[in-house]
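Participant: Chain by chain, the residues run as shown.
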Amino acid sequence: DVKVTQSSRYLVKRTGEKVFLECVQDMDHENMFWYRQDPGLGLRLIYFSYDVKMKEKGDIPEGYSVSREKKERFSLILESASTNQTSMYLCASFAPGQGNEKLFFGSGTQLSVL
Amino acid sequence: AQTVTQSQPEMSVQEAETVTLSCTYDTSENNYYLFWYKQPPSRQMILVIRQEAYKQQNATENRFSVNFQKAAKSFSLKISDSQLGDTAMYFCAFMKPWGAQKLVFGQGTRLTINP
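Read top to bottom, the protein sequences are chains H and D. Mind the numbering: the first sequence is residues 1 to 114 in this note's numbering, read in order. Mind the numbering: the second sequence is residues 1 to 115 in this note's numbering, read in order.
Same shape as in the complex, but just chain H (with noise of 0.2 Å):
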């Protein structure tokens, strides 16, 4: 089975840190996301990545950045962190063409900014 790591379960940052998420697939995939959850609102796509140093920005974008400079590796970057962006942060990969095209999903960073 193809596995997701995120790197933390929970983080808890301050206001203006720059904060790191890791996610590591196992499985060569070429396709990797971060969503993020929040009540009511579902999942958002915040930036996507098709290759290793290739990134596109989703629907949510403004306040994250991405690097993939390794394919099983695809980190989310908070510049600055802020309250707002208080969430649970949802790492995914995916293997286009097969014809049994699924997301695998890690099992989500908790993330609070005070």
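It is possible that some hints are incorrect.
[Unchecked claim] In silico DSS-like cross-links for lysine-lysine, where the CA-CA straight-line distance does not exceed 27 Å:
id : chain 1 : residue 1 : chain 2 : residue 2
1  : H       : LYS70     : H       : LYS102
2  : D       : LYS73     : H       : LYS102
3  : H       : LYS70     : D       : LYS55
4  : D       : LYS73     : H       : LYS3
5  : H       : LYS53     : D       : LYS96
6  : H       : LYS70     : D       : LYS96
7  : D       : LYS78     : H       : LYS71
8  : H       : LYS57     : H       : LYS102
9  : H       : LYS57     : D       : LYS55
10 : H       : LYS55     : D       : LYS96
11 : D       : LYS70     : H       : LYS55
12 : H       : LYS70     : H       : LYS53
13 : D       : LYS96     : H       : LYS3
[To be verified] Here are some of the chain H residues that sit facing chain D, going by a computed Cβ distance under 10 Å:
id : residue
14 : LEU41
15 : GLY58
16 : TYR64
17 : GLU101
18 : LEU103
Just so you know, the hints here were simulated from the structure itself, not pulled from any lab data. In this text, all values refer to a predicted model and were calculated from it rather than measured experimentally. C-beta atoms are modelled at their ideal positions from N, C-alpha and C, and glycine is treated no differently.
Model the placement of chain D on the given structure of chain H, informed by the hints.
Facilitator: Below, chain D without anything else, positioned relative to chain H:
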């Protein structure tokens, strides 16, 4: 742009009952994928069922089945003989089969199965 709407924020049923979760979507595409994901308290997203729009037959997975109405852009999930372990958030999602493939999610439905 595609949108997905789940109009039931919360639902609650008794164990062994059948429950149907609603989902509608908006797209101009003719072919696409639709999904139902389950998120139990562990937070792990689990794929429940997947439907390809060009297939007219409704997908089924054991106690889970969908009612896919392409013309109405409706994709409801039916859970038969509900079990306590079905208690979770359920998300409906849409994906194009080409180009910028990404999942577009609905708002979610919190389902509680009562003993």
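Participant: Hold the hint about TYR64 of chain H up to the distance rule: shortest CB distance to chain D must be less than 10 Å.
Facilitator: Given a least distance of 16 Å, the restraint on TYR64 of chain H is violated.
Participant: Does LYS70 of chain H pair with LYS96 of chain D here, judged by a C-alpha cut-off of 27 Å?
Facilitator: This hinted pair holds, its Cα atoms lying about 26 Å apart.
Participant: Has the given pair, LYS70 of chain H with LYS55 of chain D, been kept, meaning a C-alpha gap of at most 27 Å?
Facilitator: Between LYS70 of chain H and LYS55 of chain D the Cα gap is close to 37 Å, so the pair fails against 27 Å, i.e. violated.
Participant: Let me know if the C-beta of LEU41 of chain H comes in closer than 10 Å to any C-beta of chain D, holds or violated.
Facilitator: For LEU41 of chain H, the interface hint holds, since the closest Cβ of chain D sits about 6 Å away, which is under 10 Å.
Participant: Has the given pair, LYS55 of chain H with LYS96 of chain D, been kept, meaning a C-alpha gap of at most 27 Å?
Facilitator: holds (18 Å)
Participant: Within 27 Å, alpha carbon to alpha carbon, are LYS73 of chain D and LYS3 of chain H?
Facilitator: violated (33 Å)
Participant: Let's test the interface hint: is any C-beta of chain D closer than 10 Å to that of GLU101 of chain H?
Facilitator: Since chain D brings a Cβ to about 6 Å from GLU101 of chain H, closer than 10 Å, the hint holds.
Participant: For the hint on GLY58 of chain H, does the least C-beta distance to chain D fall short of 10 Å?
Facilitator: holds (7 Å)
Participant: Given the hinted pair LYS78 of chain D and LYS71 of chain H, is their alpha-carbon gap at most 27 Å?
Facilitator: violated (38 Å)
Participant: Quick one, are LYS70 of chain D and LYS55 of chain H close enough, alpha carbons at most 27 Å?
Facilitator: violated (32 Å)
Participant: Decide if the proposed pair is consistent with the structure: LYS96 of chain D and LYS3 of chain H, CA atoms, cutoff 27 Å inclusive.
Facilitator: holds (24 Å)
Participant: Against the 27 Å threshold, does the CA-CA distance of LYS70 of chain H and LYS102 of chain H hold or violate the hint?
Facilitator: At roughly 22 Å apart (the allowed maximum being 27 Å), LYS102 of chain H and LYS70 of chain H satisfy the hint.
This entry does not satisfy hints 3, 4, 7, 9, 11, 16, going by the numbered hints stated previously.
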